[in-house]
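There are 2 protein chains.
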Amino acid sequence: MEAVKVIEIKKSVFAENEQDANQLRKELKGKGVFLLNLMSSPGSGKTTTLIQTINRLKEHLNIAVMEADIDSDVDAIRIKEATGIPSIQLHTGGMCHLDAEMTRQGLDNLELQNIDLVILENVGNLVCPAEFDTGAACNAMLLSVPEGHDKPLKYPLMFSICDVVVVNKMDVLPYFDFDLEQCKEWIHMRNPKAEVIPISAKTGEGVDAFAAWLLQKVNNWKL
Amino acid sequence: MEAVKVIEIKKSVFAENEQDANQLRKELKGKGVFLLNLMSSPGSGKTTTLIQTINRLKEHLNIAVMEADIDSDVDAIRIKEATGIPSIQLHTGGMCHLDAEMTRQGLDNLELQNIDLVILENVGNLVCPAEFDTGAACNAMLLSVPEGHDKPLKYPLMFSICDVVVVNKMDVLPYFDFDLEQCKEWIHMRNPKAEVIPISAKTGEGVDAFAAWLLQKVNNWKL
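In order, the protein sequence lines correspond to chains A and B. Okay, so the first sequence: first residue is 1 according to this note's numbering, each after it adds one. Okay, so the second sequence: first residue is 224 according to this note's numbering, each after it adds one.
No lab work stands behind these hints, which were simulated from the structure alone. Where hints are given, some of them may not hold.
Simulated crosslink set (DMTMM-like; lysine to aspartate or glutamate; CA at most 25 Å straight-line) [said to hold, decoys possible]:
1) A/Lys193 with B/Asp373
2) B/Lys425 with A/Asp150
3) A/Lys184 with B/Asp294
4) B/Lys228 with A/Asp71
5) B/Lys416 with A/Asp71
6) A/Lys202 with B/Asp331
7) B/Lys440 with B/Glu282
8) B/Lys440 with B/Asp356
9) B/Lys425 with A/Glu181
10) B/Lys233 with B/Asp331
11) B/Lys425 with A/Glu27
12) A/Lys10 with B/Asp331
13) B/Lys233 with B/Asp400
14) A/Lys222 with A/Glu27
15) A/Lys202 with B/Asp400
16) B/Lys445 with B/Glu324
17) B/Lys233 with A/Glu131
18) B/Lys425 with A/Asp208
So these bits of chain A aren't anywhere near chain B, every CB distance computed over 12 Å [unchecked claim]:
19) Lys5
20) Ile7
21) Asn22
22) Arg25
23) Glu27
24) Lys31
25) Glu195
26) Ala209
27) Lys217
Yeah, the Cβ is synthetic: ideal placement off N, Cα and C, and Gly gets one too.
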């Protein structure tokens, strides 16, 4: 396997995360860099979804990925091998989320002058990452069919802060009791503006729609 | 739907959770009450697994369930309707885990003198709940096939503190790239003593083995 850069993230010293996140967002806007914060439960298919999406967008955009995990570098290596784009691993040292300062520590290890889109794959967790603004231009979450359609009832904050909910693993819909229409209704109860895009990262179904949505967001950001 | 008791849990005032957890464990031992702390990712099937397990054990043991969630009471209602045992809902007020004092607030709402086994369904999260001893006699985690076999690499603490890892959704194994032997190897890398029990809460496959394991633990605790 290829080696990837592994960054050991330090705990933030800033008490005012919101202020720090707004500052980071402004700096990134100035540089024309769109930061996407991708969140989900463990095992929802974030890395596979990113590989599919990046391979559709890399001819149009210069992309880099930051993979946050408590341990291991398997995701950063997978991304690098499958897409060829710059990919670094952030180790959170046991911490359950990233905030703006921790995100900045990762960004400092990328050559941002050449990059249009940075995707942060946050720690797999539906609770804590929702509480910390990373400075991203956009929050996306992945919900996979096997997790069930009741997740918007149980994790209200996560659904309320996301601009888009990508419903993954649609290929296994026949084997699970997952009601997509009910799920959409509950997502919109939490966040009426959230876009809902069903995909299968495994078969590629629906990924074009998510890639198109993201490309438009990035292009609007750079105007 | 039946109503269930919903407890709004307050944030702990005790700084020394470990000490508090040991004290709670001792008190429960004195009362002959076995507390099982069940953890998993969101949507791994904790509630369905509990229903299947409780229905196998309720003739042998007096059981109660505490369902912890950030919001909603759907799980506590499902347990009560499907098993008939006492079931209460704990709302964590946005908090991502339960500690010993929060667990005690739940236990105060159960009539413990009549109970052998209390099952705490912790907040769906593979990170934070692992960091806080609840005072349980035993920690169990549920890992479901769709989440992938690499989870022990990414969430080391959770796997290292669990006495048993129940691998759920074995019925959908043919549709996922999940290697049970590799998973067992990585679980045992984190925790050589962990029991691994594959089940399908949907079909009932393997649930007898988990119920037998739990019954033996409870009986040993009461000796």
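Results for each hint:
1. A/Lys193 with B/Asp373: Distance of about 34 Å is beyond 25 Å: violated.
2. B/Lys425 with A/Asp150: holds (17 Å)
3. A/Lys184 with B/Asp294: holds (18 Å)
4. B/Lys228 with A/Asp71: violated (39 Å)
5. B/Lys416 with A/Asp71: The hint holds at about 21 Å.
6. A/Lys202 with B/Asp331: Given pair A/Lys202, B/Asp331 is violated - Cα atoms ~47 Å apart, limit 25 Å.
7. B/Lys440 with B/Glu282: The hint holds at about 16 Å.
8. B/Lys440 with B/Asp356: holds (18 Å)
9. B/Lys425 with A/Glu181: With a Cα-Cα distance of about 23 Å, the restraint between B/Lys425 and A/Glu181 holds, given a limit of 25 Å.
10. B/Lys233 with B/Asp331: Holds, because 13 Å separates the two Cα atoms, which is no more than 25 Å.
11. B/Lys425 with A/Glu27: violated (50 Å)
12. A/Lys10 with B/Asp331: violated (39 Å)
13. B/Lys233 with B/Asp400: violated (41 Å)
14. A/Lys222 with A/Glu27: holds (13 Å)
15. A/Lys202 with B/Asp400: OK: A/Lys202 and B/Asp400 at ~11 Å, within 25 Å.
16. B/Lys445 with B/Glu324: Holds, at about 23 Å.
17. B/Lys233 with A/Glu131: holds (18 Å)
18. B/Lys425 with A/Asp208: violated (33 Å)
19. Lys5: Holds, since 18 Å exceeds 12 Å.
20. Ile7: holds (16 Å)
21. Asn22: Fine: 22 Å to the nearest Cβ keeps A/Asn22 off the interface.
22. Arg25: holds (24 Å)
23. Glu27: Non-interface label stands for A/Glu27: nearest chain B Cβ at 29 Å, farther than 12 Å.
24. Lys31: holds (31 Å)
25. Glu195: Non-interface label stands for A/Glu195: nearest chain B Cβ at 21 Å, farther than 12 Å.
26. Ala209: holds (22 Å)
27. Lys217: At about 26 Å from chain B, A/Lys217 clears the 12 Å cut-off, so the statement holds.
Checked against the numbered hints above, the structure violates hints 1, 4, 6, 11, 12, 13, 18; every other hint is satisfied.
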